[in-house]
Structures are given as structure tokens and as C-alpha cells.
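Enquirer: Residues per chain are reported as follows:
There are 4 protein chains.
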Amino acid sequence: MVMMKAAVFVEPGRIEIQDKPIPDVGDNDALMRVTTTTICGTDVHILKGEYPVESGLTVGHEPVGVIEKLGKNVRGYREGQRVIAGAICPSYTSYACQDGCPSQDGGHHAHGYKPMGGWRFGNTIDGAQAEYILVPDAQANLAPVPDGLSDEEVLMCPDIMSTGFAGAESAGINIGDIVVVFAQGPIGLCATAGARLKGAGLIIAVDGIDERLAMSRQMGADITLDFRKVDVVAEIFNITGGRGVDAAIEALGTQQTFESALRVLKPGGTLSSLGVYSTDLSIPLGAFAAGLGDHRIVTSLCPGGKERMRRLMSVIESSRLDLKPMVTHRYALDDIVAAYDLFSHQRDGVLKIALSMGR
Amino acid sequence: MVMMKAAVFVEPGRIEIQDKPIPDVGDNDALMRVTTTTICGTDVHILKGEYPVESGLTVGHEPVGVIEKLGKNVRGYREGQRVIAGAICPSYTSYACQDGCPSQDGGHHAHGYKPMGGWRFGNTIDGAQAEYILVPDAQANLAPVPDGLSDEEVLMCPDIMSTGFAGAESAGINIGDIVVVFAQGPIGLCATAGARLKGAGLIIAVDGIDERLAMSRQMGADITLDFRKVDVVAEIFNITGGRGVDAAIEALGTQQTFESALRVLKPGGTLSSLGVYSTDLSIPLGAFAAGLGDHRIVTSLCPGGKERMRRLMSVIESSRLDLKPMVTHRYALDDIVAAYDLFSHQRDGVLKIALSMGR
Amino acid sequence: MVMMKAAVFVEPGRIEIQDKPIPDVGDNDALMRVTTTTICGTDVHILKGEYPVESGLTVGHEPVGVIEKLGKNVRGYREGQRVIAGAICPSYTSYACQDGCPSQDGGHHAHGYKPMGGWRFGNTIDGAQAEYILVPDAQANLAPVPDGLSDEEVLMCPDIMSTGFAGAESAGINIGDIVVVFAQGPIGLCATAGARLKGAGLIIAVDGIDERLAMSRQMGADITLDFRKVDVVAEIFNITGGRGVDAAIEALGTQQTFESALRVLKPGGTLSSLGVYSTDLSIPLGAFAAGLGDHRIVTSLCPGGKERMRRLMSVIESSRLDLKPMVTHRYALDDIVAAYDLFSHQRDGVLKIALSMGR
Amino acid sequence: MVMMKAAVFVEPGRIEIQDKPIPDVGDNDALMRVTTTTICGTDVHILKGEYPVESGLTVGHEPVGVIEKLGKNVRGYREGQRVIAGAICPSYTSYACQDGCPSQDGGHHAHGYKPMGGWRFGNTIDGAQAEYILVPDAQANLAPVPDGLSDEEVLMCPDIMSTGFAGAESAGINIGDIVVVFAQGPIGLCATAGARLKGAGLIIAVDGIDERLAMSRQMGADITLDFRKVDVVAEIFNITGGRGVDAAIEALGTQQTFESALRVLKPGGTLSSLGVYSTDLSIPLGAFAAGLGDHRIVTSLCPGGKERMRRLMSVIESSRLDLKPMVTHRYALDDIVAAYDLFSHQRDGVLKIALSMGR
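Protein chains in written order, with numbering that gives the first Met the number 0: chain A, 0 to 358; chain B, 0 to 358; chain C, 0 to 358; chain D, 0 to 358.
Bound-form chain A, shown alone (with noise of 0.2 Å):
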């Protein structure tokens, strides 16, 4: 039995890489090499056991990497192959893949719709933290990097660029648009991104680190606002003459980020919100309209698969927006602990890591 290294949720407060078994390939998985992968947020909560996964499962989600062997069924690809996998790898199989909701993907279940449902690497199956990860339903989450795009260039694309996009999709964002973003860590940025990139008119940016307001200035806002610094809420009613904001991205996770979002919405605008909660949610009355100011909130998971994965490459690749800036610091993954430790605790202005494989 050949062996790897992998980065292995031991127990709260405890992961470390161990060796394990390369995966056998199953007739529709493919085994991917792993050469670049990265930490999320939602990793440093599995460290915390905020989140709970098994012990003794492999985490991240965001792998880049090349095609080390292909299962039988897979077709339309070759060993050798430079690939990324989307942290969501939905089977498509499901009635909720057909039902337009393949982040939700329920597998074989009978009615087929389990929340999260497609998020499986470093959650319900191995992850990307590590030397080999086995792409389950490798034809529908296989997707080809474009030649001459270095791994730290496709590396926000499996999730934060895929999340912070989504959120700006959901929004629904028209041209002309007044859109604000809360909160500027990597997903944020990446909303800040996507709200330019659909055509929003005017964007403010909502931070209280200045390294991330700077950031978010070169991912597109025209304004930045320092939560420590101004009312945001009176702040955002002044500059748009008191009109409210078409959208607002919520891409933190808590009450009060949740709450200035609603309360800055022109009636009849949308709260878009990428945050993962971990209290109960309020809905003040008031800036709710009592239920009358035709409001929406929507909520985005992470979309995947090869056509969405595809498509973040291509606007890369034609160079609509450069996330390398992104990447402050690069680990080994013999290092990861160390990396955790310093992602845990965002130190040092860290945005992303750059996890390489190579000793």
C-alpha cells in the first residue's frame, strides 16, 4: 500500500499531518495529485470544533493539482492533466442538482435535497490537504486549467472566488447599482470583485482593517468605510442622499453585520448573504417594513462544478481580475501547523495561504 501525507482533524484544537493510504480509484472517481491547496475559514471552525467532522478525516477543499489517474467511466480527459475540483462537487445525479440546487445536492436519498449536501471534500470525505485527493464524480467536477495560469492564480477558484461571485450573482445586480459589502476578508473581497464585474455603479466596501480596506479598493470598491471610525449605517443613508443601497452583501456571519445590511436596503432592495451564522438571526421590525418594503434575503452556497469552475478560470485568463494579491503567505504542507496557526489567528495582515506540496 503506497502511501501520502495528509493534513488529519485529530480532535478539537488538533490537526496534523499523518500518512495514509492513497485512495483507490473507483469507475467514476479520479485521483488528483494535489500541487497547490490553500485554508479556509470554514477549516480553521473545524480545528475549533465549531464545525464537527470525524477524526481522523483529511480536510481543505480547494485543491489544484494534475491528474494522476482517471477511473474507467471518466472520459474527455488524460493523466498528466494540470485540473482543479470546485470545494463543492456535486454528483448532478440528484433531484436536487436538477432542481437547480446542486450545492444541496442529496446523493441517492429518496427525495434528494440535504443542506450542504455537495460539500463532501474535508467534510464527508477526504480533502485537499494532502498529497492525493480522490475527485468523486470526476466527470462532472474535473475542470481543466488554462495553459499559461500558475496554481496560485486558479487557487481562489474552488471556493472563495466561487462564494464572494455568488454572492454578487444572488444580489441580482443591474447596471448602475449601489452595492455594499460587509466585511473585507477573502470572500468579501471576492463579492467586491463580482459586484464590479456585474456592473454595479457604485460600490462601498465595509472593513475595520486598513490592509483590507486598501484590498478592497483594488478589488473594485470606490468607497471604503471604517466600522471603527463612522456610523456605517448613517454613513451609507448620506451617501446615497438617503435613497438606501440596491444591494448588500453580507460576508461575515454575524448579528450586527447582518442587521446594518438590512437596515442600509432601499425598500425593494436585497440583502445577499454569504456569512456562516453561528447564533440565531433578528430581523428588526423597522428595517424590515414590518414585512411591506418588498425586501429579499437570499443566501448563497458555494456553486461548483467543471462549468462553474470553467468559467472563474476564463475570467482570470482574460484578466479581469488578478486575486494573486490575495495570496500573503505560502506554507509547505509539512508546515501546516504552523499555517493554521497563523490563519487561526490572522496575524501579520494574512489573507490567503499558498499550501504547496512539494518537501
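Just so you know, the hints here were simulated from the structure itself, not pulled from any lab data.
You may find that some hints are simply not true.
[Claimed, not checked] Simulated crosslink set (DMTMM-like; lysine to aspartate or glutamate; CA at most 25 Å straight-line):
id, chain 1, residue 1, chain 2, residue 2
1, D, Lys-68, B, Asp-26
2, A, Lys-228, A, Glu-316
3, D, Lys-113, C, Glu-258
4, A, Lys-113, B, Glu-258
5, C, Lys-71, A, Asp-26
6, C, Lys-47, C, Glu-130
7, A, Lys-47, A, Glu-78
8, A, Lys-71, C, Asp-23
9, D, Lys-71, D, Asp-23
10, D, Lys-113, C, Asp-340
11, B, Lys-71, D, Asp-23
12, C, Lys-113, D, Glu-234
13, B, Lys-68, B, Asp-18
14, D, Lys-68, D, Asp-150
15, C, Lys-113, C, Glu-15
16, B, Lys-113, A, Glu-234
17, A, Lys-113, B, Asp-230
18, A, Lys-113, B, Glu-234
19, A, Lys-71, A, Glu-130
20, B, Lys-68, D, Asp-26
21, C, Lys-113, D, Asp-340
22, D, Lys-19, D, Asp-340
23, A, Lys-228, A, Asp-209
24, C, Lys-113, D, Glu-258
25, D, Lys-71, B, Asp-23
26, D, Lys-71, B, Asp-26
27, C, Lys-4, C, Glu-53
28, D, Lys-113, C, Asp-230
29, B, Lys-113, A, Asp-230
30, B, Lys-113, A, Glu-78
31, A, Lys-68, C, Asp-26
32, B, Lys-71, B, Glu-130
33, C, Lys-71, A, Asp-23
34, B, Lys-68, B, Glu-78
35, C, Lys-68, A, Asp-26
36, B, Lys-71, D, Asp-26
37, A, Lys-71, C, Asp-26
Starting from the known structure of chain A, fit chains B, C and D onto it as the hints suggest.
Expert: This is chains B, C and D only, laid out in the frame that chain A set:
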């Protein structure tokens, strides 16, 4: 000065018939002689002082009548013509109106959005529970009644039918959807009828009053659930084999119905909210899948305008549904105090009261 | 090698019953024992050589039957279970499928779009007019028949009902729309039923055969027009008071119906085309408002997949409509040559033929 | 009677400066002193007699200027304020306007739809190539120019920018789409810019004039194709690896561009047509997949109204794009005959002419 009778809000707890001058007709207005109108749940909130309006205002927002006099700029109508006007009378000239939010019409304000700004009758200007009503922006709001339709047949169009249908429309119902409607008062019944009209494959109606559940079957419900007898959330998962519903329509305005509506949604489902809430709302973390369930929550204020009224009346004209059974009681304007008393206490199985102007 | 009977295309003008081996079941396939199927207009095109397929191919694409054997990767079903599969059987793994075009499934092609690529039965692989049919990508395509529904009740789901409904869905019908459906053959009748189900306020059905016009009223038409007796375009403008229709559905595939559908549209209206054309089409300049009428022309290929089939069967299960009256004739597979003869000559008021497998 | 200068259509081949009375201001009107306007391709059709208007009509439909006088019902503006009005000035009170088709405004007609009914300036009422223009339904149509934007910066908003962007909007462009724009005249250039603004991942611009291809790259095209040098259809399939484009925008109005746009579509793709055609169009059977390709053909008339103008100006204000380079020539109103001569012969690389009112 020629006088008319009108039901006037005097102070909390007191709506009474008073004599008021028949209003002058501005260039863009029309004066309508009201032949039939009705009382809405919102009027009861006004009566109780829960929704504040100015003392001296004529209440009511559902006028059916005859054109008495047309302003000089209003064309294509004739005096004596039978017409209705929507509860919501947008100007159609504001930014909000042109931006797809006519109900949130901001009038001439610089930026043009005002929550519920399109609702003027019995809110910011004199309303329909009177012998005459002045219709503003009449060119945009007068809708001729098709020959052969009685006053009572079109009486629900200005508000109840338009609102209930909007609940089904905003839910984005597709052919074969499973839809649940929470509460089967007049608006919930119209939401049930609207869901049926939009192609829902299975409609579940929830209430606690036998007559309303019976009426909901008449309006198109396939299954009725009495919340006094069953655990509604559990029962819906049972009926749907664990799948949940595609859309849940909330038609009451309480935490309990809102929360139940969210709990029974499939991942990817839509909560379409019609109720007027009187408290902050709580979103339970689990029902919301921590923000990752691809859920949508949408609210709808009653759509108005003559095109909307024309469409609703055409549906009645072509016998798609019959809302007359919802008129359970009839009163003359002079007896409006008794009518409010019956309606506000929900006595005698009342659904809607037709108020006639004759004596 | 176990043999079965199958209706095979031999050469133009000749479809005949032959013995063929019952196919082997691949890992992702299912073998279905066909109990009932039918003949489609497309099959007649194949018979006549107007639509080319390979000699030796089993024709037919509307299977109703029982699972005989499941491939080893196909889960959540059991052998002996009653199922249908759509005429269109997408792989759901291609770029096209994930891009919202499963009917145009490109399989494993590099870029993944192929016109009608999802139509495989009786086109690129053996079809349903046989004792057994092999269903590819079975996990995505097998749809269990609800208890209590007969074969004939679900016989239209795989193609006719899915296609006709798609005509109404693609038309974007809103509550109160005026819709005209040109031609009331099986697909046109289902489009009429679909328009009714989507909330159209007035449905005008056009044909030249009395039985079909009578059936269209049964399916939901409010008004029928016989093109042999009236100038249809003029009459529609007469009915609509000069306004034109919101949507016109074309369900035949000729220049005349296409052109009439365009002529009766209101500015801003939608022509939803279902017909299979056999010549170039001409768009008259005036009817097209020189390109300035905000018109839409949309075409729809039959949607397939198990979720679509599930939804269509649920509509029948809840008695929204009854398509059994469209089954006008019944034949055994052995008599298929006679069945084709009747159907292709449209004799005896034939709408759809149920082909049973028993002897 | 105070007089002004106006460019008047006299007869085919003859537009000339005449003295006309400055119009009276009705209650719902505004009188605008024009400071800058331009000549449109449509004006050339009028000059040549290809599009008939009444003799004596003032031509032009793209006014930039200053409010001279407000009708008594027009509120929220002040005299002296800088404003624009759209080429299309809908009443916003008709059935068509409330039905989502303001450009097809039917005015006070009983049923309210009239092809291009919203286009009034220089078509059914006096237009913008004059010292003063009367804006009807001014409350709905006057849009204040943001401080800091020059006349030339907003000169494209009333027509060219609104139309070109509508081509991209109606195409339903998603992030990462491949879009081709046929013809890079002023409208095609704005469609290119609009496609970029909507998130297209690859934009291919087609024309036969070098300066226009160069300008298209400035407006956002990634690839330019010169139809004099390459087989455009073949080249697009080459570029897209055989896939075809997600959307093709037609911006000329000829059979050849329309047909090429259809030929390069992927199955499931959209042809968004902006051109004004002068002949019947032919749809080739193969390119149309015999009606089974899930194709959409949509046409768009220039959207108008003050909200549209506000949004377009906001996009310019936030530096999303700069359309000033499209102003290639400048003339005074007095020299309009020479301006028409240059523009109608497309001499000297002309794209758009700014006409100023000063002498």
C-alpha cells in the same frame, strides 16, 4: 360646498361616520363615486391605534365604483364608467416606480424611495369608506370593470387578491412545486388560489379554523392542516417524505408562522412573506442552515396600478376562480361601526364584508 | 443470448419488428422492461427518412415500464419498481448540463454542447418501442411512478407533456396573460394545458380539426379558432381589442404558424416555438417592428431528467389535469406497422396511440 | 411670440434650420434649453425619407441642457438645473408601461400598446436639434446631471449608451460568458462596453473598419475580427473550440449580421438584436437547429425614463467607462446641414458628432 358621508378615524378605538366635503378634482385626478368597498385587517390596526394615521382621515383602500368626474388631463375614460382602483396607487413617475418598485413609490422626493409610499388611500390621503373618493394620478390607476362582473366579484382585486397572488408570484412557483400557505384568512386564501393558478403540484393550507380550512380547499388547497391538531412542521416533512416544500407562504404576520415557514423549506426553497409583523423576527440558526441553505426570504406589498387591476379582473372574468364566497357579510356604510365591530372580533365566521353605499 | 422484440428502422418507409439481443447492463445503466410506450411525430419523420438515423436502430423515446436490472453504481431504486424515463436522457455531467442546457448535452466532448445532444433514445441509441430498453446515466434519469397512476396516465410525461409545458414555461406566462396556441396536436394540447396551469387569463387555441378544437377546450382553452373558417390574425386582434397577445406558442413547425404567431404578439410579447421546422423561416419586417418591438422568440427542446418526470407525474397525481383522453388508440407492439400507418396518416381522429408489450 | 432655431425635416433629402416659436409649457411638461445634442443613425433614415415623419417636425432625440421652465405639476426640480431626457420618453401611465414595456408605451389608447410608442422626440413631437425642446411627462423623464460631468460625457446616455447596454442586458450575460458583438458603430461599441460591464469573460468584436475595431478594444473587446479579412463564423468556432458563443449581439440591422449571429450561438445561446432592419429576415434552418436548439432571439428598443438616465450617468460618474472618445466631431447647430452630410456619408472616421447650441 357639497357634502358626503365618510368613515373617519377620530382617535384610537373610534372610527365614525362624518360629513365631509366632496373633494375638488385636480387636473390629474378622478373623482369616483364609491358603490362598494370593504374593511381590511389593516383598517382594524388603524382603528386600534396600532398603525398611526392622522385624526380626521377617511379610512379604507378598496374602492369599487363609478367615475363621477375626470381631471382635465385624464384621457380614455368617460364619466359614468364603472372602475376600480388599487389599494396602492403609485404615481408611476418616481425613481422607485421606474426601478421596479411602484409600491414603494417615493413621489417627488429627490431619491424617490419611501417604504409603502404607494399606499395612499386611507393612509396618507382620504380613503374608500366614503361616498366619494379622489383617485390621484388617475391615468395610471383607474381600471374599467369588464361588463358582466358585479361589484362583489371584483371587490377583492384592489388589495386582498393582488396581495395574495403576489405571495405566490414572489415565491417563484414552478409547475409541480409543493407549496404550503400558513394562515387562511382572506390574504392566505388568495395566496392559496394564486399558488394553484401558478401551477403548484401540491398545496398544503394551514389554519386553526374549520371554516377557513374548508374555504381553502375551495380555493385550491389539496391538503389542509389544523395547527390545533397536528404538529404542522413534522406533518409537512411527513407528507413530503422528508424533502420539505419548494415554497412556503406566510400570510399572518407572527413569529410562529414565519418560523414554521422557514423550518419546512427544502434547501434552496423560498419563504414568501405577506404578513404585517408587529415585533422583531427571529431566524433560527438550524432552520436557516447557518446561512448556507440557498434559501430566499421575500416580502411583497400589494401591487397596484391599472394594469394589475385589469389582469386580476380578467382572471375573474374567465372564471379561473370565484372569490365571491369570501364575502360573508354585507353592511351599509351607515352601519360601519357595527361592521368594524364584527370584523375586528372575527365573529360569525367573517371573512370579508361588502360595504354598500346605498341606504 | 436472450432475445427480445424491437421496432427497428430499416430504411426510409420501413420500420419493422425484429429480434434483438436484450442489452447488457453497464455500471451506470438500468435495464427497463417496457410495459407501455407510444409513437411520436418525430418517429414518423424517422420512418419517412426525413430525419436520418442509422439502419438497425430501435425507434421510440417514451418508455413506461419496470426496472429489470440495475447497474452496480445505480442506487436508491429496486428491481421491479415501476419507472419512466424522459425522452431526453441527459448525462448531467457535461458543461452544457451544468450551464442550464441539459437537453443540449454534449457528453464528453471537450466543450460540451451538441444540438439535441440529450436526445438519445431512438436517435443515437436504441429506443423504447421494444420489450426492453437500456437507460443510460440511470441515476439521473429513472423516475419512479407514484402508486395509483396507470401506465396510460403517465405515458405523455416523457415527451409530449414535458415539451408542451416547456412551451408555456419558456413563454414566461404571468397571471392574467392572453396566450394563443397555434396547432392542437398532442404537443399543442399540452401547451394549452400548460398555459392554463401557469395562470394565463385567456387562452385561444387554433387548429383546423374539430376534434382537436374540442379537446383543446377540455385542456383549458377559453376560445377556439378554426383557421379554415376565420382569418386567425384578424380575429385575435379583434378578441384582444387591438392589443395583441402576451405570448404565442407555436406547436406545429411551419412558416405559416410561426409567422402568424409573430403577427399577433403585442409589442414586448413572446413567441415560444415548439415545432420542428423543415425549411428556413422568414420573419416579416412589419410583424417584427423592424427589430424595435422588444419581442422575444424562444425555442424549447423537451426537458428530461428524473426531477422533471417527478414533477410532471405529481401534477397528474394531484389531478391538475388528465391526459388520458389524448390516448385515442391502443395497439400491441406486434402490430406496430399498422399503428405507424394509422398515426402517420392521422386517420380516425388519432391523437396518441398506447403501445402495449403484452401479446 | 418668441422664436428659436430648430433643425426641421422638410422633405426627403432636406433637413434645414428654421425659426419656430418656443413652445408653451403645459402643466406636466418642462421646457429645456438645449446646450448639446447629437445626430443619430435614425435621423439619417429620416433625412433620406426611409423613415417617414411629418414635414415640419424638428428632428433629434438626444437632449442635454438646462431647465428653462417647469409645468405647474412638475416637482422636485428647479429652473436652471442641468438635465437630460431619454430618447424614449414614456408616459409611465399606460398599460404597456405598467406591464414592463415602457418603450412600447401606448399612451391613452384603450389597450395601450404601440410599437415604439415611447419614442416621441423627433418622431411624433418636436425633437432635440433645436435651441429649446418641450419634454412631455417631465416628472418621469427629467434626469439631473451630476455635478462634474460635462455635456459631452453624458451625451450618449439618452440613446446610444442606453440602447447598447440594453443589448447586453437583454442577452442575459452571466459571469464568464463568451459574447460576440456584430458591428462596432456607436451602438455596437456601447454594447461591447455593456457586455464588459455585465461580466462577460471573453468579448469578440466584429467590424470592417480599423478605427472602429481599435475603439472596440478601448471599450472592452478582448478580440477583434475584421470581416474583410476572415470568415467570421469559422473564426469564432475556432476561438471557442467549437463551442459557440453564449450570446451574440447584433448592432447593425442586416440579414448578414443577423444570420451570422445566429450561426455562432451555442445551443441554448441568445441572439440579442439591436439593429433596425429594412427587409424581412431569414432564419436558416440549420443554424436554428430546426427549432430544437433552446435558442432565444430578443430585440430591445432603447430604454428611457429618468431612472435609466440616472443609472447610466452614475456609471460614467464612477469612471466605469468613458464614452467621450466616441465624440469625434463638433458642430454648431447653424452648421447642421454640413454635420448631416459628414455623418450620413460616414466620412473622416466619424462616430458621433456633438452639436452645440452656441453660435
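Enquirer: Compare the distance between the alpha carbons of Lys-113(C) and Asp-340(D) with 25 Å, and conclude whether the hinted pair is satisfied.
Expert: violated (49 Å)
Enquirer: Lys-71(C) and Asp-23(A) were given as a pair; does the straight-line alpha-carbon distance stay at or below 25 Å?
Expert: The hint holds at about 17 Å.
Enquirer: For the pair we were handed, Lys-71(A) and Glu-130(A), check the Cα-Cα distance against 25 Å.
Expert: Between Lys-71(A) and Glu-130(A) the Cα gap is close to 22 Å, so the pair holds against 25 Å.
Enquirer: Does the structure keep Lys-113(A) and Glu-234(B) at a Cα separation of 25 Å or less?
Expert: OK: Lys-113(A) and Glu-234(B) at ~19 Å, within 25 Å.
Enquirer: Would you check the hint for Lys-228(A) and Glu-316(A), treating anything up to 25 Å between C-alpha atoms as holding?
Expert: violated (38 Å)
Enquirer: CA of Lys-68(D) to CA of Asp-26(B), is that 25 Å or under?
Expert: At roughly 19 Å apart (the allowed maximum being 25 Å), Asp-26(B) and Lys-68(D) satisfy the hint.
Enquirer: Hinted pair, alpha-carbon criterion (25 Å max): Lys-68(D), Asp-150(D). Please report holds or violated.
Expert: The given pair, whose Cα atoms are some 20 Å apart, holds under the 25 Å limit.
Enquirer: Below or equal to 25 Å on CA atoms is what counts here, so check Lys-71(D) against Asp-26(B).
Expert: Holds. Lys-71(D) to Asp-26(B) sits at ~11 Å (cutoff 25 Å).
Enquirer: Hint check: Lys-47(A) vs Glu-78(A), CA-CA at most 25 Å. Holds or violated?
Expert: violated (37 Å)
Enquirer: Run the distance test for Lys-113(B) versus Glu-78(A): straight-line Cα separation, threshold 25 Å.
Expert: violated (60 Å)
Enquirer: Holds or violated: are the alpha carbons of Lys-113(D) and Asp-230(C) at most 25 Å from each other?
Expert: holds (22 Å)
Enquirer: Are the Cα positions of Lys-47(C) and Glu-130(C) separated by 25 Å at most?
Expert: holds (23 Å)
Hints 2, 7, 10, 15, 21, 30 from the earlier list are contradicted by this structure; the remaining hints agree with it.
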